[in-house]
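A.B. asks: Sequence:
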Amino acid sequence: MASAFYSEDLTCSICQTLFTDPVNLLCGHSFCRQCITDVLSVKQQCPHCRTDVSIDVKFKHDVYYVGPCARGWGPVADLCPEHEEKLKLFCVTDQQLVCIICRDGERHEGHKFKPVKEAAASLRQELVHGLKNIGGDILTTESLVNTQKEEITKTKDKAQQLMIQIHRQFEEMHQFLRKREDEIKNELQVKKEDAVEKMSEMLNTMESALSKLRELEVKATSVLEVKDPEVFLKSWTEGNNMVAPEQLFRSRAIELQVVNPSVSMGPYESHLQFFVWKEMLQVIQPRAELLSLKRDSANLTVSGDGRSLFCTHKNKQTQHTSFQFGHHYWEVDVGHRDYWSLGIEDHFLSYDGQKFTTCTSNINTELDLADSPRKIGIYLNCSCLKLSFYNATNMTHIHTMSSGPMAKPVSALFALKYRTPDHNPMTVCWY
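Counting along the sequence shown from 1, when you hit position 413 you're at 413 in full-length UniProt numbering, and nothing is skipped either side.
Hints may be right or wrong, so weigh each one.
Restraint-style ranges between C-beta atoms, simulated for each label pair [to be verified]: (1) L210 to N394: 43 to 49 Å; (2) E187 to N260: 16 to 22 Å; (3) G326 to K278: 25 to 31 Å; (4) F325 to A195: 56 to 62 Å; (5) Y379 to L188: 20 to 26 Å; (6) N260 to G353: 53 to 59 Å; (7) D94 to R50: 34 to 40 Å; (8) Q189 to Q148: 55 to 61 Å; (9) V283 to V263: 25 to 31 Å; (10) F249 to Q189: 40 to 46 Å; (11) G326 to S361: 21 to 27 Å.
Derived pair list, reagent style DSSO-like, types lysine-lysine, alpha-carbon separation capped at 30 Å [as the list claims (entries may be wrong)]: (12) K179 to K219; (13) K185 to K198; (14) K179 to K149; (15) K191 to K179; (16) K234 to K212; (17) K386 to K355.
Think of the hints as simulated: they come from the structure by calculation, not from any bench.
Heads up, the beta-carbon is just placed ideally off N, CA and C, and yes, glycines get one too.
All chains, full assembly: derive it from the sequences and hints.
C.D. replies: Rendered as structure tokens:
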């Protein structure tokens, strides 16, 4: 419990109870806020020493000052809100001020404590030491902040450049497609006009013949109504230019034939997208180029065009080619081989006839693929050290791995195994 001395020091002289919301007058005497407010509303004097109190500035602070000290009135130490004892200790474990009763309580059992002055001195020393080091840390952090800002700017700039590049490349394809569309449509228009012209000429011939036949029908019907022989003959021969009846009544229909010229666009009728896509491959960069392979094993045979690898031994054989900078993409037609590994050294995709596995220098991960690709696309980004695999038949993404720090140049890996003789070469195409 608090001592009688401090209980007296903490008692309001107006209500004679412990302070509630204590305040200090300029004269130094302390009272409950409500108590002194009520007194000053009647008489503006300190009830203890009768010192006049200003109307504008009644209270010095919203904290109370009690208890004599060598220098007069000083700040009262906080009391433990639970035990109303002085906070004489500092719990190092919980980093908080406590009283002696708190120290012995269950909540702080096993904790480390220091006297307030010792804890303050220790903390002050740590802060001084921390301030000595924080300057350098601030400079380092500022440098990191600036670097991060630069990276954000670089990323935005690169994204913008890529946006322009992507737009340009798509626009090239759009232009090609629009041009081919116009050309194919124009070709169709010419064929249509030519066909319509031929059919129109035949239609005119048919309509002319039909008109003459109807005229002949009308004339013959009219002449047949004449009973007088002389008049009959004269009526019929008039205007016929001495043409015999059998010539006039010959069948005209057998001389006419419906013209139906075929408006054919060849493969563009049924395979337009495929043929245009194949045409586009010839004009869009990068074009496919053959990857030059060189024989470096007695058990490997390279085809004459430098494109295909034949395995002449049942054990695994490897072939390498190197990259150092930039972005690279190549495709490998693995066909129905029961073993192959493709990628770069220490980072590759492998197939053993049953399962697909990504392999690094330390970790092998089995992949669950719905289909078995017959053509594998490999994309290597030397800048960000990313290696990606695709089903090159439909460009479905298979897997991407980070190749990590790698020595330059990077060697591409082609590993294969097959029973002899090898009738199923592995073909490689570089883009």
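A.B. asks: All the hints need checking, so say for each whether the structure fits it.
C.D. replies: Here is what the structure says about each hint:
Look at L210 against N394: about 59 Å separates their beta carbons, and that is not inside 43 to 49 Å. Separated by about 19 Å at the C-beta atoms, E187 and N260 satisfy the suggested range of 16 to 22 Å. Remark: the range hint 25 to 31 Å for G326 to K278 is upheld by a beta-carbon distance near 27 Å. For F325 and A195, the hinted distance range of 56 to 62 Å is satisfied, since their beta carbons lie about 57 Å from each other.
Between Y379 and L188 the beta carbons are some 39 Å apart, a value that contradicts the proposed interval 20 to 26 Å. Between N260 and G353, the C-beta spacing of about 57 Å keeps the proposed range 53 to 59 Å intact. Judged by the Cβ atoms, the range 34 to 40 Å given for D94 and R50 is violated: they are separated by roughly 47 Å. At roughly 60 Å, the beta-carbon separation of Q189 and Q148 lies within the given 55 to 61 Å, and the hint holds.
Between V283 and V263 the beta carbon distance is about 27 Å. The supplied range of 25 to 31 Å therefore holds. One distance hint, 40 to 46 Å for the beta-carbon pair F249 and Q189, holds here, with the actual separation near 43 Å. In this structure, G326 and S361 meet the distance hint of 21 to 27 Å, their C-beta atoms being roughly 23 Å apart. For the hint linking K179 to K219, the alpha-carbon distance of about 59 Å lies beyond 30 Å, and the restraint is violated.
Restraint check: the Cα-Cα separation between K185 and K198 comes to about 20 Å, which is no more than 30 Å; the hinted pair holds. A distance of roughly 44 Å separates the Cα atoms of K179 and K149; the hinted pair therefore is violated under the 30 Å criterion. Using a Cα cut-off of 30 Å, the hinted pair K191 and K179 holds, with the two alpha carbons roughly 18 Å apart. Simply put, K234 and K212 have alpha-carbon atoms about 20 Å apart, close enough for the 30 Å limit, and the pair holds.
A C-alpha spacing of about 23 Å is found between K386 and K355, which places the hinted pair at or below 30 Å, so the restraint holds.
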